[in-house]
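Here's the letter readout for the chains.
Number of protein chains: 2
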Amino acid sequence: MRRSELNHAKQRTADIFNQVGIRLTEEEASNIEIAWFGLNDLEKQGLELVTYVNSDRYCAKELVLFPRQTCPEHLHPPVGADPGKQETFRCRAGKVWLYVEGEATANIQAIVPEGSEPYYTVFHEIELNPGEQYTINPGIKHWFQGGPEGAVISEFSSTSRDENDIFTDPGIERMPTITED
Amino acid sequence: MRRSELNHAKQRTADIFNQVGIRLTEEEASNIEIAWFGLNDLEKQGLELVTYVNSDRYCAKELVLFPRQTCPEHLHPPVGADPGKQETFRCRAGKVWLYVEGEATANIQAIVPEGSEPYYTVFHEIELNPGEQYTINPGIKHWFQGGPEGAVISEFSSTSRDENDIFTDPGIERMPTITED
Ligand SMILES: [Zn+2]
Ligand SMILES: [Zn+2]
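Listed in order, the protein sequences are those of chains A and B.
Take 1 as the starting number for the first sequence in the UniProt record's numbering and just add one per residue.
Take 1 as the starting number for the second sequence in the UniProt record's numbering and just add one per residue.
Because the hints were derived from the structure by calculation, they are not lab data.
Check the hints yourself; a few may be wrong.
If several chains are the same, the list does not tell them apart, and a pair holds so long as it fits within one copy or across any two.
As the list claims (entries may be wrong) - Only pairs whose alpha carbons sit at most 20 Å apart, straight line, appear in this in silico SDA-like list of lysine to any residue:
| # | residue 1 | residue 2 |
| --- | --- | --- |
| 1 | Lys95 | Glu28 |
| 2 | Lys44 | Ala106 |
| 3 | Lys61 | Ile108 |
| 4 | Lys61 | Pro130 |
| 5 | Lys141 | Gly131 |
| 6 | Lys61 | Val50 |
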């Protein structure tokens, strides 16, 4: 992705935090992370986030999903002595549909990103509205999509090691390079 | 404390969360915890909280301090294999003054609760405004007070074991009994 597109997405994310009353320091706002997974279609598959703290014991992040934006299917494997990341998603604003392993829900509400259908394989749906949360255990495949108005989500978890995440789509790069423009 | 006073404080806390746009489920609102530390002077020394998640790996809570309300000085000791709770306080609304071990600040902004002066012994001041945060390592004594308008604080931490906290004031009970009325 081009630097100018990233900056645009950062500003849009900062505006959303502002609208829902989540305050960031200037430094945090300038460090908003845009995860586009190397797919070059941020609106469809991507995630915007601020990491508040990531110590060797716990992690807390604030996530933004644009309307119908999808964080692609992945899991958090064991890393050394760590059994893998356990994470709790708490919806703060908007709506999010979360999909995990288990019995597939008959008519899911999310729209699987077109062209990436083979890389979405778990369909047990959990709908989270503001104030609702769900905890995902290590090793469980999951993906999630913002509702029609998008979503803001607090993530509380054990230590985050994003570079170890395993995505179902082999074309995904968690840390792709930026094109300067 | 009497049940009726507790219920009043719970409702006041729920109203504050509502005002600052923090959404709770009905179950969470009905489980708001009022910590009065057995001191029977909640307005002066106390804390209101909701625990979102407390797994064997991490914990997240939302705290409320009424105006000038103080959470008394304490520390989090090692418990078995756990080196003690590490906690990050993130101010969401209002203002909080946090005091930790280290060089005493010349003119602290908080008012030490009258009559409890002997039980406040650390005075290195950190002021947190919305969007600002601070991480306290295990074993470090700390206390904190809400500003003139009170405060709402997110706490991200390792596993919480409140019953093991060590308070400087030997008269404090973390889990005192409620008087039915
Ligand atoms: Zn995940
Ligand atoms: Zn503490």
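### Alpha-carbon proximity between Lys61 and Val50, which holds within one copy, between copies, both or neither at 20 Å
Close inside one copy (5 Å) and across copies (18 Å); limit 20 Å.
### Query
Using 20 Å as the alpha-carbon threshold, which applies to Lys95 and Glu28: within, between, both, or neither?
between (24 Å within a copy, 19 Å between copies)
### Alpha-carbon proximity context of Lys141 and Gly131, limit 20 Å
neither (23 Å within a copy, 32 Å between copies)
### Query
Is it within a copy, between copies, both, or neither that the alpha carbon of Lys44 lies no farther than 20 Å from that of Ala106?
neither (23 Å within a copy, 54 Å between copies)
### Task
Give the relationship of Lys61 and Ile108 under a CA distance limit of 20 Å: within one copy only, between copies only, both, or neither.
neither (27 Å within a copy, 31 Å between copies)
### Query
When no copy is specified for Lys61 and Pro130, does a C-alpha distance of 20 Å or less occur within a copy, between copies, both, or neither?
Both, since 16 Å and 16 Å are each at most 20 Å.
Taken one by one, the earlier hints fail for this structure at numbers 2, 3 and 5, listed in ascending order.
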